[in-house]
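Asks: Listed here are the chains, written in short residue letters.
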Amino acid sequence: MTWTLVILPLLAAVAAVLVRSDRIRRALLVATAAAHFLLAAACWFAPPVLAPGAWVGFDAAGRLFLGIASLLFLATAVYAAHSLGREARGRQTEEDTGSVFVNAPEAVFTACLLAFLSTMTLVAASRHLGVLWVAVEATTLATAPLIYFHRQPSSLEATWKYLLVCSVGIALALLGNFLLVVASAAADGSDGTLLVTELVARGGTLRAPWLKAAFALLLVGYGTKMGLVPMHTWLPDAHSEAPSPVSALLSGALLNCAFLGILRAHSICAAAGLGDFSGGLLVAFGLATVAVAAAFLANAADYKRMLAYSSIEHMGLLALGAGLGGAALYGALLHAVNHSAVKAGLFLLAGNFLAAYRTKTIARVAGGIRRLPATGLLWLAGLFAIAGSPPFGTFASEFTILKEAFAPGRTAVGIAALAALAIAFAGMSKAFLGMALGRPPDEAPAEREAAATVWPALALLAASLVLGFWIPSGLQAGLEHAARLLGGGVP
Amino acid sequence: MNNALDMLLVILVLTDLVLLGSSRLRNAIRIAALQGLMLGLLPLLAHGHGLVWSAVLLGAGSALLKGFVFPALLNRALRETNARREIEPLVGYVPSLLIGMGVLALSFGFGARLPLPWPAPSQWLVPAGLFTVWTGLFLIVARRKAITQVLGYVVLENGIFALGMVLVEAMPLLVELGVLLDVFVAVFVMGIIVFHINREFDHIDADQLRALKEPAP
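Residue numbers (the numbering used here), protein chains in the order written: chain A, 1 to 491; chain B, 1 to 217.
Simulated from the structure, these hints should not be mistaken for lab results.
All residues carry an ideal CB built from backbone N, CA and C; glycine is no exception.
Where hints are given, some of them may not hold.
Stated by the list, open to error - Non-contacting residues of chain B with respect to chain A, defined by C-beta distances greater than 10 Å in every case (computed):
1. 21
2. 30
3. 54
4. 100
5. 107
6. 117
7. 118
8. 140
9. 149
What the hints assert, rightly or not - Not the full set, but computed from the structure, chain A residues with beta-carbon under 10 Å of chain B:
10. 17
11. 21
12. 153
13. 154
14. 160
15. 164
16. 170
17. 185
18. 296
19. 300
20. 301
21. 326
22. 446
Said to hold, decoys possible - Some, not all, of what chain B presents toward chain A, calculated at C-beta under 10 Å:
23. 88
24. 176
25. 186
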């Protein structure tokens, strides 16, 4: 079951390269996504038995992140199958920079997209930190060609930064893995391990100084991939230059994968009695991330970059929640689900704006509701969802995190986080409202919107809306189980 | 046995210094290849239990990739991009070497003080590994050519590989091979991107890649 989930998309990727017809390839993409989603759902309802020493398998945390990735991939695959047909052939002109470009071959794009799904599945399934490392680096390599789909200088620049910064970051995480082996080995250097369950079981017998150094390196390494400040510099470039379905997956699914790596390391520290150390680091990075992202959100000029900075902000919240521990860790996991759904939906809507207005500049987009009624209305709803206002699920999850942040003795953390969220909301609402309201430039008439461009985003936003009222018992149990597994608690 | 290991590590440090002071790209690629070949020998010398088949396999794979495949890839990129040497690096060669000397001394100080739970196969191992990691990072941030940055990434991996040899006997072979495969694909993809950078910008100076940034408030 586990290996089927990893290998199925990989086989489909090979097939995608071999298939000649674009239509068959797009059908293959959607069919693979649907099959993967069904298998992942089966994994939820009938979890396969986990062998204690298995390197690969889905525990509660793995299942949660697998579910997010699989759902998002299905939504974006439906959207991408349509948007690939919408993409012009031959030479195109980017209106913002005036550069002329062509697209990368669609077969390569689809193959990389499917390989990306496979590597993300492997990240979620990893119970061995070595395998996790290999899988996370593989996600970087699978996504680099996706960011360079539109072959123009700005995409190339984004790809280069992404590839280099993330690879160097991940290399430091490898060093962290080595130190972890030292922390766990016996006095003669034998018997070291990277198996998460084994490390958690050894707990207090791990060498504390080495474990601390290992956690710091893992946090910097996977934090680079997750977009924590100050290692976030590549993220706004990569997430804004990638085609919109890819941006949706990068922000919604891939950042979570890196977060899972940090959570695994944190759970080992917590088991060893160093939870205060690792939690403190996470809170510091989380707060810095939320604050810096809010500053950039207050002054955004490009709507895809704005969404990317918003992803950074929410990753900061996740790190904050994980660091605060207890019920906040549960809140962080719930927030990962909510943020992924909302952010992926928003990036898909941003793709519709980009296709209609041919610009990413906020100031040049107006009258969204008149020109693209469905997209415009969903965009407005998305503002409230991403800002964490009721009745969306993001409100419940942010509230759970902030409630812990305001616990006695650390009120300053809560106040700082809340202030940053308010600044971010003010900046984003200005941009969102300006784009949705008013009159479109040139008085362009309302366009017919294809179902495939609207429904995936609608479904994702609706999922977050439903989570605001009611969390299905299966998901609730999964979240609680995962929170306890990772060393947290339940509200 | 141990003398050979010490010798190897001294050469590793020397190659790092040559990389810091060399402007010819072809030369730098050759030096990095030499480094890769030597690192292939490291598992054999560092594991004190005679010839273990996993150590042989790992060493051979690493030497093949870093000694032959990477240089071939990078040389191909070099031919296609027509770059000869690094012009006007962000940090000059003499300052680079001086900083390098300082960091080398620090690495030794740190290596001597590091309370390893068990004795390393050689007291040179930790300082040489750390210094190689630093050299890789330095090449990435202080040089302009994209190809030198790829080279820096390779050197950084070499350093981590060396440290891993020292610290870890228990790292499973499968994971090591996975790491090696990832590094291979990374260098491969970077090579392709370097080629595209050259085509788009007519040169491979990565510091020209600075169009993407926030507008001034």
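Asks: Please write out, lowest number first, the hints stated earlier that are contradicted by the structure.
Replies: The structure breaks hints 6, 7, 8, 9, 10, 11, 21, 22, 23; every other hint is satisfied.
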